[in-house]
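**Student:** Sequence:
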Amino acid sequence: MKRLLIAGLAITGGSLWVGELGAHGGTYRGPGDTVPPGAGGGGGGGPATGAPSGPATGGPSGPTTPGPTVPGQTGGTSAGAGTTTTTGVDVGPDLTAWSFWWEFNKEPFINLKAAIRSEVTTTGSGDFFLGQGETEQASDTLRPTTQQIRGQIVPALLSALEKETNNDIVTGCLIALAKIGEESAESGDNAFEKTISGFLKDGSQEISETAALSLGILASDNSIDLLEALARDSKLGQDAVGSTEVDPRSQAFAAYGLGLLGNRTGDPAVRSRVVAILTDLLPKAETMSRQDLAVACVISLGLTPLDPAPAATDADAEVSKDPTASLQAQIDFLLEFMLDENKNYMPRAHVPTAVARLMTGLNDEVYRQRIVDAILLPVDARKGKKFVQEVRQSCALALGLIGDADDDAIDVEIRNVLLKDVQGYQSQTRKFGLMSMAKVAARPGSGAKDLDKNRRELTDELVKNLRNSGGEDQWAIMALGVYGYTLGKNEEVPPASLSLQIRDSLGKAKSPDDIGAASVAAGLFGDPEAQETLLKLLGSTRDPVAQGYVALGLGMLNQKEAIQPIQEVLAEAEYKPELLQQAAIALGLLGSKETVGTLIDMLENAGSLASQAAAASALGFIGDRNSVEPLVEMLEDGDITDTARGFAAVALGIVADKEELPWNSKIAVDLNYRASTSTLNTLDGKGVLNIL
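Each residue of the sequence shown is one higher than the one before, starting from 2 at the first, in the numbering used here.
Computed list of lysine to aspartate or glutamate pairs in DMTMM-like fashion (alpha-carbon distance at most 25 Å, straight line):
(1) Lys490 with Asp412
(2) Lys421 with Asp453
(3) Lys450 with Asp409
(4) Lys236 with Asp222
(5) Lys164 with Asp190
(6) Lys594 with Glu533
(7) Lys285 with Asp240
(8) Lys450 with Asp461
(9) Lys465 with Asp407
(10) Lys285 with Glu337
(11) Lys465 with Asp515
(12) Lys659 with Glu634
(13) Lys195 with Glu163
(14) Lys659 with Glu637
No lab work stands behind these hints: they were computed from the structure.
Please take these sequences and the hints and turn them into a complete structure.
**Tutor:** In structure tokens:
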């Protein structure tokens with residue numbers, strides 16, 4: 002199979018790693034292209050981890066280029082054993098680096114399509130919140146028209162699927178069709194579903210598993226029978242793939258597909274059935290040491306909330322043992338799984354985030370206390386030591402999704418644990434805890450007597466960590482950026498004292514990692530007074546990764562004076578794919594009209610596959626109706642390379658996506674990427690988070 006050279010945002014010692022990754026229609030811009038495949042981040046080496054676990058069969062084959070370690074992928078340990086201790090030489094990137102977190106979580110902060118699809122953007126004042134900020138919906142947006150999507154893009158993709166056999170082109174077209182989507186007929190039939198499911202029998206495992214995942218991205222209720230059959234390896238699934246068994250990778254991809262379907266469906270009965278399938282599969286997969294499938298089940302359950310039962314009035318009230326009975330019963334099932342130390346640590350590590358996601362629709366304070374008690378246990382200074390660090394890390398992340406800054410006893414307890422217990426643990430847990438402090442502080446809750454005081458307790462701790470080393474200073478400044486971002490989004494004014502702290506750190510930054518973190522934080526915080534320093538750094542920074550983050554910070558500030566200097570950087574970035582993509586995104590945020598043409602030219606003529614990959618993904622993210630025709634022409638042009646044509650399909654799918662955020666951001670955001678499996682997120686580009 003042809004391999005696509007992808008710019009992995011995994012940074013080793015401050016430089017970008019570029020490795021050969023499997024196509025799957027292109028590689029995901031964040032988690033996938035980094036190592037956690039998807040994150041960047043320089044710094045020193047981290048502890049070595051073992052070989053990836055999970056299915057050894059299937060998936061793209063071919064030579065690979067050695068690269069940094071993928072976080073959390075350890076050997077096939079059973080039961081609760083995790084990476085509680087590590088030994089050996091330090092190799093690869095520092096997996097605790099801030100940029101790993103950023104690359105997994107950046108999409109909601111940037112929200113690029115919302116920024117560029119309006120021709121009118123409110124900008125220029127200190128009150129303007131972020132580059133993506135507030136847009137006045139113009140009557141004529143830059144979104145591709147229905148006629149362009151249905152009359153040009155879809156026919157081109159379908160035609161390519163009829164004629165082409167190259168993996169890059171086929172997988173790119175499958176994912177693109179699924180992203181675009183199609184309304185089902187009254188009978189429930191969906192033409193795209195039929196087209197996609199026909200590729201399950203393809204002789205290439207890469208194409209077959211991509212078809213399985215595409216059914217989930219398409220999210221037609223009618224696909225549930227086939228997705229279940231694939232995940233269960235039943236006779237229907239085996240017939241669909243034309244084999245006596247469904248490959249283990251395809252089973253896991255189908256399980257993720259069930260979660261994506263459950264997340265988008267409007268039918269409570271479909272959600273209930275998805276939960277029934279996944280809760281039945283999870284313990285079986287874990288018992289059979291099929292941790293790829295088990296992890297997929299846990300994550301997908303977190304994407305599929307059931308309707309809640311009436312709120313409890315008694316803390317000891319019984320919750321149904323049937324996980325499909327209610328949202329509370331669904332959460333109980335997951336928490337029981339997490340607390341069972343006889344279960345493998347890998348799927349258990351994804352329970353806290355899954356539960357925190359499900360709590361969004363839960364208005365039951367009594368039951369909320371029960372949930373928080375369970376999630377606090379692994380981070381308790383005394384009782385938590387028996388839990389493996391991956392579970393503890395995830396609990397530290399989840400607290401940031403649950404707590405707020407009011408005076409409720411449960412929220413006071415969460416804040417105290419973040420300030421005291423969490424900070425006494427291993428580096429990654431502490432760093433996740435810093436980010437959770439920012440999120441909790443930014444969420445006001447209700448009825449706090451002194452909200453400012455409650456918030457200052459947390460933000461003062463973040464400011465104190467600006468003086469720390471080992472990367473904690475970079476996490477602290479990023480957390481302050483997230484705090485300012487969230488306040489601005491809620492129409493609150495971020496404290497000027499914190500913008501001064503960020504500006505001071507930005508002015509003192511010397512190393513590429515410090516420059517990158519401070520630049521992104523300044524952009525997130527929305528401080529227009531940081532522009533002058535950022536413009537100087539754009540010209541003086543020689544490290545392409547750091548320079549890319551400087552450009553991104555300027556883009557998020559939405560100051561038009563930055564357009565020309567960033568355009569000059571982009572023009573020289575053809576052989577610096579990591580810089581190319583960040584600069585292009587920055588220009589998209591700034592509303593530059595010339596960037597699309599520049600990227601199309603780069604995609605067609607780039608001298609390296611890494612640059613083609615970066616140009617294609619950037620073009621998809623910032624592309625508008627004006628990019629449709631040239632991309633369709635590229636897809637149909639048999640005189641250019643198959644790889645370039647595959648990337649054109651990828652870009653078309655992103656441009657015409659039915660959703661504003663990338664489909665796999667649902668999985669990536671708030672994920673503990675230190676507990677990755679071979680079908681979730683891998684160095685060689687074979688996981689669901691590695692797909693554009």
